[in-house]
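Model the placement of chain B on the given structure of chain A, informed by the hints.
Number of protein chains: 2
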Amino acid sequence: MRQSQLFTKIERNAPKDEATVNAQLLARAGFVSKLMSGVYSYLPLGLRTLNKIENIVREEMDAVGGQEISMPMIHPKANWMTTGGWDKIDVLFKVKSRTEKDYALGQSEEEVVTPLVMKYVNTYKDLPKAVYQINWKFRDELRSKSGLLRGVEFLMKDMYSFHETQEDFEKYFAEVKKAYFKIFDRLGLVAKATEASGGAFTQKISYEFMVLTDAGEDDILYCDACEFCVNAEIAKEKEGDKCTRCGGKGTLAKAKASEVGNVFDLGQKFAKDFDVTFADKEGKKQYPIMGCYGIGISRLMGVIVEKYHDEGGILWPESVAPFTVHLLALGAADGSKAYESLQKAGVQVLYDDRDVTPGAKFAEADLIGIPWRIVVSQKLQADGGDNVELKKRSEKEAKIIPLDEALKAIKARH
Amino acid sequence: MRQSQLFTKIERNAPKDEATVNAQLLARAGFVSKLMSGVYSYLPLGLRTLNKIENIVREEMDAVGGQEISMPMIHPKANWMTTGGWDKIDVLFKVKSRTEKDYALGQSEEEVVTPLVMKYVNTYKDLPKAVYQINWKFRDELRSKSGLLRGVEFLMKDMYSFHETQEDFEKYFAEVKKAYFKIFDRLGLVAKATEASGGAFTQKISYEFMVLTDAGEDDILYCDACEFCVNAEIAKEKEGDKCTRCGGKGTLAKAKASEVGNVFDLGQKFAKDFDVTFADKEGKKQYPIMGCYGIGISRLMGVIVEKYHDEGGILWPESVAPFTVHLLALGAADGSKAYESLQKAGVQVLYDDRDVTPGAKFAEADLIGIPWRIVVSQKLQADGGDNVELKKRSEKEAKIIPLDEALKAIKARH
Chain A
162 MRQSQLFTKI ERNAPKDEAT VNAQLLARAG FVSKLMSGVY SYLPLGLRTL
212 NKIENIVREE MDAVGGQEIS MPMIHPKANW MTTGGWDKID VLFKVKSRTE
262 KDYALGQSEE EVVTPLVMKY VNTYKDLPKA VYQINWKFRD ELRSKSGLLR
312 GVEFLMKDMY SFHETQEDFE KYFAEVKKAY FKIFDRLGLV AKATEASGGA
362 FTQKISYEFM VLTDAGEDDI LYCDACEFCV NAEIAKEKEG DKCTRCGGKG
412 TLAKAKASEV GNVFDLGQKF AKDFDVTFAD KEGKKQYPIM GCYGIGISRL
462 MGVIVEKYHD EGGILWPESV APFTVHLLAL GAADGSKAYE SLQKAGVQVL
512 YDDRDVTPGA KFAEADLIGI PWRIVVSQKL QADGGDNVEL KKRSEKEAKI
562 IPLDEALKAI KARH
Chain B
162 MRQSQLFTKI ERNAPKDEAT VNAQLLARAG FVSKLMSGVY SYLPLGLRTL
212 NKIENIVREE MDAVGGQEIS MPMIHPKANW MTTGGWDKID VLFKVKSRTE
262 KDYALGQSEE EVVTPLVMKY VNTYKDLPKA VYQINWKFRD ELRSKSGLLR
312 GVEFLMKDMY SFHETQEDFE KYFAEVKKAY FKIFDRLGLV AKATEASGGA
362 FTQKISYEFM VLTDAGEDDI LYCDACEFCV NAEIAKEKEG DKCTRCGGKG
412 TLAKAKASEV GNVFDLGQKF AKDFDVTFAD KEGKKQYPIM GCYGIGISRL
462 MGVIVEKYHD EGGILWPESV APFTVHLLAL GAADGSKAYE SLQKAGVQVL
512 YDDRDVTPGA KFAEADLIGI PWRIVVSQKL QADGGDNVEL KKRSEKEAKI
562 IPLDEALKAI KARH
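In the order they appear, the protein sequences are chains A and B.
End of the first sequence sits at 575 in our numbering; the numbers just go up one at a time, nothing left out.
End of the second sequence sits at 575 in our numbering; the numbers just go up one at a time, nothing left out.
Don't read these hints as lab results, they were simulated from the structure.
Any given hint could turn out to be false.
Identical chains blur together in the list; that is why a pair holds if it fits in one copy or across any two.
Unchecked claim - EDC-like mimics (lysine to aspartate or glutamate), calculated; alpha carbons at most 16 Å apart, straight line:
#1 Lys257 / Glu302
#2 Lys262 / Asp251
#3 Lys262 / Glu302
#4 Lys286 / Asp514
#5 Lys415 / Glu400
#6 Lys286 / Asp516
#7 Lys498 / Glu550
#8 Lys399 / Asp379
The following block holds chain A by itself, in its conformation from the complex (with noise of 0.2 Å):
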């Protein structure tokens, strides 16, 4: 694409009310543009970048043998009175009709999916069924100062599993635990998994993966030598305590994290609560074992940019960049037929075909973060030849060299 038709532009200075990197570089760099506390619009750069984040988590999901819905964001009231979430959840938002009805906008989707799944599901030939959906979701958060790390509006995938019996439930809730850290793999994060209590309605034990950053809002104590992991506020342990799990070979440090999913162990609270049943062999009726398994899309961009910065701006990883190479052409250089050779091989590239100054455009081109930096001027192009400058925005030095050699780098690390 070229720079000069995108419709965003850079910001010279930090939004005044944004507390967080993420907030901050995202707002300046075109990526986002917030409408309210915890609400934000996803622009052209943004939005390339969320569905990067989308399309892994999808392809993991699907790979666990997940099938892709889209459920609806406004729910009817009867729903959410049947698993007692209208009066427990604090956050959960309320809408009345013009003729009096109530709604609840969805901020997890246990109340749809119940009844939905087990509609298709009438014995235990029909189970296992795993069915996730990437979607927006809502919050009636009291503070959303956090960027996109705590949002009002957020998208989320969720996953939803139903199983006939404990050790089937188990043996998925272990493989979707392993495709988690997959995922986590891909972004360029790493996330340690936390034992954790399962939210409002159950005393089972389940795991929330946690990225380390400053600009988390939970605490953890981990181990830093083996992979024990939990969320201070529920830790008999304290920081500074030898390891028990690993039998005190390390010693438990303290972070601030920020959780980027979870595993849930639902039991048969929600099928009870629906009163749905499938026949098992004896054609005896049974309420199925649940599992649920959530993702913070939108969250996990604020929580890359969170690790991958520097005081010139982001540093986004190959695999969710909004393009792969960022082409700068400098004074009266044309940088079209790079622009050209680029597209041609399949690679993504942002054209800056603007008339700035070279200055603007580097530290433009650094805020943006784009993964390759390719430089047409004039003065590489002297000598008549083919030289480009290519610069990764993680690294220091550049290298003067031939476009096809350029190319042929950056598809060599494709």
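Just chain B, lined up with the frame of chain A:
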């Protein structure tokens, strides 16, 4: 995909609470499931079709220079007070937070997009700009009994354009009108553009794109000889009149129709409401001229079913069918080889590998409405050959030919 794994199942009987063909067939065939009046879940087959409609619309909006963004669904009251919509628009859903803050749920996005786009527009050099989103909208409908044709929650593409002059706007308006006809054509629909009044806020002439269908909620008058078409509600003419547009060559006919898109000349109303301006060539502040361009994506899915069905079920146009081929393995026959060949050839195939009677498989295939059907059976392969039965959903006759040739016939039509 193997049908034995597909989350949904066919329902033999039409749901009792659905009055329209689109809702009955889509529910029976497992494309959608109703949560409440006007609110549906989109199941795996339904989501595939919805995504295909969405992508056709996206391609044509990109082709006219639209840039995709994603705007919030929950809006601050202040924006809707600024335009007068808070009190004037009766279908606007209103939400109160637990701290008594008022929000609206988006039913259109002029209130968000006007200040958003103009934040990035300083001078005439930044114009024109066109941005669009494909996102869910909410309308507080009093009654919603037309299946996907009138949703309380529905998927819509809404584009907004901003121009320096009326002339520039009109040029773009005509371009988008052309793109709309192209979209409906790709979806297998014939749309007529009626001249209509521009909604609550403007007296300017705008266009509504109507598809003739008995399930439609509007009455239109159209000329049987020329392109003249008008909403019967605002028409001065009546049925049987000679058409004045083409000098009496044609006669006006009346028909039920469903609105699938619209383009509005918004003038400067919203720019003036928000007092957002750009500097013209002389440096003088001016209000931009705005256009608004909607297409009902989920509604289109319903309209397509209203047009393309017979007594056996749906007949999807290939461009939006959830799969291209429905492969049925009868009795003890193994369809795996054909399944793999089709997949290898890049054909999207639903493979009915279930242990049910041939009669049930044929009836369900007709109901789901995938354009091509391939049958494998022991009888067809009794001579040791590789014969399959190939049939189009829209035709009565089937051919018995080798798998290779069936594949060629399908690929040739793509």
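* Asked: Looking at the structure, which of the earlier hints fail to hold?
  -> The structure conflicts with no hint, since it agrees with every one listed earlier.
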